[in-house]
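With chain G held as given, fit chain W onto it using these hints.
2 protein chains.
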Amino acid sequence: MYKLYDFLPSGNCYKVRLLLNQLAIEYTRINIDILNKESRTPEFLKINPNGRTPVLCHDDKYLAESNAILWYLATHTRFLPKDQYEQAQVLQWMFFEQYSHEPNIATPRYWVSILKAENEYKEQLKDKMKAGYAALDVMEQHLVSNDFFVANQYTIADIALYAYTHVADEGDFDLSGYSRIKDWFRRVESQDHYISINKSK
Amino acid sequence: MYKLYDFLPSGNCYKVRLLLNQLAIEYTRINIDILNKESRTPEFLKINPNGRTPVLCHDDKYLAESNAILWYLATHTRFLPKDQYEQAQVLQWMFFEQYSHEPNIATPRYWVSILKAENEYKEQLKDKMKAGYAALDVMEQHLVSNDFFVANQYTIADIALYAYTHVADEGDFDLSGYSRIKDWFRRVESQDHYISINKSK
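These protein sequence lines are chains G and W, in that order. Position one of the first sequence corresponds to residue -18 (the working numbering), numbered consecutively onward. Position one of the second sequence corresponds to residue -18 (the working numbering), numbered consecutively onward.
Just chain G, same shape as in the assembly:
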């Protein structure tokens, strides 16, 4: 029995919805409107004291952090290689995503397209954009000689990186110079049971 505490516009939540769909796992979706501070209520903080979505509940056990949830669901499936070094490479890219990519690419999208407060964050946006383009450069370079991020196969590393990269334009990033990334978008989008962001099925 799976439950997902989920906010539809969130790329971090989308990662989990996409994998659940690709694994054909049925789940109950519980909407948490973070704009309405529903991830900071006393009830929600009991589930995740860090006050963030997504949270997965499986057999009454809770798990937070999108990439930890991906790992939990993908273990022993085709979405995670079996080799120890390849598994570590998957984690390397997922930590890259949460440290160097998501704070710089998801945050501008949140400010620009979700809060619609571009002017208020003008100064901070400059630094974020610079660091965000640096992360995109690292991805583009890797994709020159790789179809996917690890082990030449579609894994949860691709899911983690795809979630916010493919909507980076909603944070005013210009992807026109990133042809390898755009080719990789098409490879991800052609996977079985792909669903788009904002969709739960």
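Hints may contain errors.
It does not matter which identical chain is meant; a pair holds if it fits inside one copy or across any two.
To be verified - Subject to a maximum C-alpha distance of 27 Å in a straight line, what follows is the list of computed DSS-like cross-link-like pairs (lysine-lysine):
1) Lys(-16) x Lys27
2) Lys163 x Lys27
3) Lys103 x Lys42
4) Lys97 x Lys111
5) Lys107 x Lys97
6) Lys63 x Lys42
7) Lys(-16) x Lys182
Since the hints were made in silico from the structure, they are not lab data.
Using the frame of chain G, we list chain W on its own:
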């Protein structure tokens, strides 16, 4: 044959040195002075295109991201539980560390104690301190009913969180109100083959 590309004052590098020591793995240490931009040279960028330390080299294979390296080294050892959910909890705390903790607790230390540029970063420090204390609050609360972060045993989740928490005072954090965290410091420091930061043995 293990090589570690390492910067002694870095808490992220320290995590790996501590675990290597506790696993009694011999390695060659290669000093990368990030203050001298040695992690951004063309040679280093071939090893890690993201230009960060630590990087582990094992049998000519490279791996970046401190927590991915911890996972790689800890697999099938006592530092990582075997249960799938407990493994995912270890990752949950390690992603919490890289997203909610390290950027807010390590960065002030870097500005204040390593660059000695506290005045230059005065404004940014305010936001970092607020988010850093929020992360410390989450840890303190968890340690009210847990001796360690996962499975009631010392794991790589503790190593990942200990690295920058125990030197948070070097970024002007006041830990005097965090008695559970300070008790946990003592439990970490009493582990076999513990070494302190700035030490390689």
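Against the structure, the hints:
{"no.": "1", "hint": "Lys(-16) x Lys27", "in the structure": "within (15 Å within a copy, 42 Å between copies)"}
{"no.": "2", "hint": "Lys163 x Lys27", "in the structure": "between (40 Å within a copy, 24 Å between copies)"}
{"no.": "3", "hint": "Lys103 x Lys42", "in the structure": "neither (41 Å within a copy, 42 Å between copies)"}
{"no.": "4", "hint": "Lys97 x Lys111", "in the structure": "both (20 Å within a copy, 24 Å between copies)"}
{"no.": "5", "hint": "Lys107 x Lys97", "in the structure": "both (16 Å within a copy, 24 Å between copies)"}
{"no.": "6", "hint": "Lys63 x Lys42", "in the structure": "both (25 Å within a copy, 17 Å between copies)"}
{"no.": "7", "hint": "Lys(-16) x Lys182", "in the structure": "within (15 Å within a copy, 46 Å between copies)"}
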